[in-house]
Amino acid sequence: MESLLLQVSDLSVKLQNRVILENISFNLEKGKTLAIVGPNGAGKTVLFRTLLNMVPYSGKIRWFRDVKIGYVPQKLSVKDVPISVREFLSFKSSSNIENSLTLVGLNPDDILDRSLSVLSGGQLQRVLIAWAIANEPDVLLFDEPTTGVDIESEEAIYKMLNELKEKRGITILLISHEVHIIKEYSDYMLALNKCMTFFGRSENIGDLNVQKIIFGEPVCLSILRTE
Amino acid sequence: MSEILILSIIIAISAGLASGYLGSLMVLEKMALVGDALSHVALPGLALGLIFNFNPFIGAFITLYLSAIVIWHLGRVTRLGFETLIGAVFTLALAVGILITPEPELLEALFGNISSVTHVDAIITVLISAASVILTRMIYRSIILSLISEELAFSNGIKVARTNLIFLLLVSTIVAIGIKITGTLLVGFLVIVPAAAARTISQNLARYSLTSSAFGVFSASGGILLSNYLNLPPGPLVVLTGISIFAAVVILKMFRKNF
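Protein chains in written order, with my numbering: chain F, 1 to 227; chain R, 1001 to 1259.
Incorrect hints may appear among the rest.
Below, in silico cross-link-like pairs of lysine-lysine (DSS-like), each with a Cα-Cα straight-line distance of 25 Å or less [said to hold, decoys possible]:
id : chain 1 : residue 1 : chain 2 : residue 2
1  : R       : K1030     : F       : K75
2  : R       : K1253     : F       : K75
3  : F       : K212      : F       : K68
The following residues of chain R were derived to be distant from chain F, with all beta-carbon distances above 10 Å [stated by the list, open to error]:
id : residue
4  : F1061
5  : G1075
6  : G1087
7  : I1148
8  : R1207
9  : L1226
Taking CB as the label site, the calculated pair distances span [what the hints assert, rightly or not]:
id : chain 1 : residue 1 : chain 2 : residue 2 : range
10 : R       : M1138     : F       : C220      : 31 to 39 Å
11 : F       : S3        : R       : T1078     : 41 to 49 Å
12 : F       : R168      : R       : L1066     : 34 to 42 Å
13 : R       : I1100     : F       : R114      : 51 to 59 Å
14 : R       : L1127     : F       : V55       : 39 to 47 Å
15 : R       : S1244     : F       : P56       : 26 to 34 Å
16 : F       : M54       : R       : A1131     : 57 to 65 Å
17 : F       : V19       : R       : E1105     : 52 to 60 Å
18 : F       : S58       : R       : I1123     : 51 to 59 Å
In short, the hints are calculated from the structure, not lab data. Glycine included, C-beta positions come from ideal geometry on N, C-alpha and C.
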C-alpha cells in the first residue's frame, strides 16, 4: 500500500444524461505505466478528463500524496496560432526549458525559435512531452501519444518515455490502441467499454482470451481484478 | 495643430493600441466579427444617453457589458459559440437602436465624430485603454493555451470560463472606446484588420501582438489626421488607412517570402 499512487473506486460519469463511464475501479502504484485501451467512444479520454477533475463524476478518485500531474492531450490546435517553441514552453516554466527539451531528445538551439505550427508530428509530440515534464511532475497522462507520428518516431517516443519513467520514477497513464506498444511499454492495462472490461498485467494482452474480452463483446467487470 | 486635433490623436493612439492588442487575440479566437456584431449593441445605449441626457458612452458601456454577461451566461448554458449568440442579439439591438436614436445624432453614432472631444474624453480613453492593455496582457497566456487545447489550459490551473468572461468584457470595453473614433458601424475594423495584417507576417506571439498594436495605432491616428485635413468623417478614413497597411503587408509578403 505504501507505493500506491492512485485509487479509483466505483467511478461513474454521466454527461448530458448519457452514461459515459460506469463503475470503474482500479489502483495504480508509483513508478508504473498503465495503458488504457478500448474502442472509440469507450470513454478513455473522458477518464483522463475525470482524473484531471474537469468533468463531474460520482465515486472516488484518490491521488496519494500531493501529486503534480503533467498532461499531454490528443489534439492540439497549433496551426492557426503564431507561437514559438520558446514562448509555448515559457508558459509552463521559466527556467527548465532547455533541460526539458534535451531530455526529450531535441536540440534547444535548433528548435526553440521555430513556430509550433511548422514542427513535424514527432517533434510536436516531443515538445509536448517537454512541456509536461518541465515542472517535474509525478504523473504523466498521455492521450494517444503517437497519433500522426511515423513508426520510427513512435518507437523512439515510447523508449524515451520508458527512460523518463526509470530515471525519474514518473508514473505514466497512457491511452493506446497498439497491442505491441502496450505489451512492451506498460505494466498494467485497463480495458474500457464504458464499463471496465479488463484490468491486469499488460503481458496478458498476448492471450487470445484476454483479446476476446478487450476487443470482442464487452463483459463488464463487477469487481477489481489485479492479476 | 489645433487642441482638438491633438486630443483626437491622443484618443486614436490609445484606442488603436488597445484594439490592436486585444484584436490579436480576437482574430486567433475566430472572434474577429464578434467585435463588429457587438458594436451594434452599443447603439441602444448611446441612444438612451442622448434621450435621457447623460453621457451616451456611459449608456454604451452599460448595454455592452450587460450583453457580454448575458452572452457569456447563455454560452455556458446552451454550449453555443459566442459568435452564434452575439449574432442572435445584435440585430435586435441595432433595430432598437435605430428606432430610438434621435436622427441628428444617428449619423455621428454610426460613423464616429471626434470633432467635439474634450480633455476629459481624452483622459478617460487613455486610462481605459491602459487598463485594457494590462488586463489583456494578464489573460493573454490563458487565452492562447485554451486555444491550443482546453485540457492543457485546465490541467495548468487556468479557469477557462472566468477567462472567457474577462475577455468578453474587454471586447465590450474596446468597442465602447473605439466608437468615438469610427462609429458603431465600423468599429469592428479596429480589432480585425490590424491583427489580420500582423498575423500575415508573424511566426511568434511577441512579434504578432506588437505588430498588431502598432498597426492599430497607425490606422487610427493616420485616419484621424486624414479626416482633419480632408474634412471628412473619421470612421471611413481610419478604415481606409488600415486597409492600406494590410494591402502593403500582403504585397510585401508576396515578394519577400520570409517577411
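Here is how each hint holds up against the structure:
1. R:K1030 / F:K75: holds, 18 Å
2. R:K1253 / F:K75: violated, 30 Å
3. F:K212 / F:K68: This hinted pair is violated, its Cα atoms lying about 36 Å apart.
4. F1061: holds, 31 Å
5. G1075: Holds, since 16 Å exceeds 10 Å.
6. G1087: holds, 21 Å
7. I1148: Nearest chain F Cβ is 5 Å from R:I1148, so the label is violated.
8. R1207: Violated: least Cβ distance 8 Å, not greater than 10 Å.
9. L1226: holds, 30 Å
10. R:M1138 / F:C220: 31 to 39 Å: violated, 47 Å
11. F:S3 / R:T1078: 41 to 49 Å: At 46 Å between Cβs, range holds.
12. F:R168 / R:L1066: 34 to 42 Å: violated, 51 Å
13. R:I1100 / F:R114: 51 to 59 Å: holds, 54 Å
14. R:L1127 / F:V55: 39 to 47 Å: Once the Cβ atoms are compared, 41 Å apart, the range 39 to 47 Å for F:V55 and R:L1127 holds.
15. R:S1244 / F:P56: 26 to 34 Å: This hint is violated: roughly 52 Å between Cβ atoms.
16. F:M54 / R:A1131: 57 to 65 Å: With Cβ atoms ~32 Å apart, the hint is violated.
17. F:V19 / R:E1105: 52 to 60 Å: Given a distance of about 58 Å, which is inside 52 to 60 Å, the answer is holds.
18. F:S58 / R:I1123: 51 to 59 Å: Holds, at about 55 Å.
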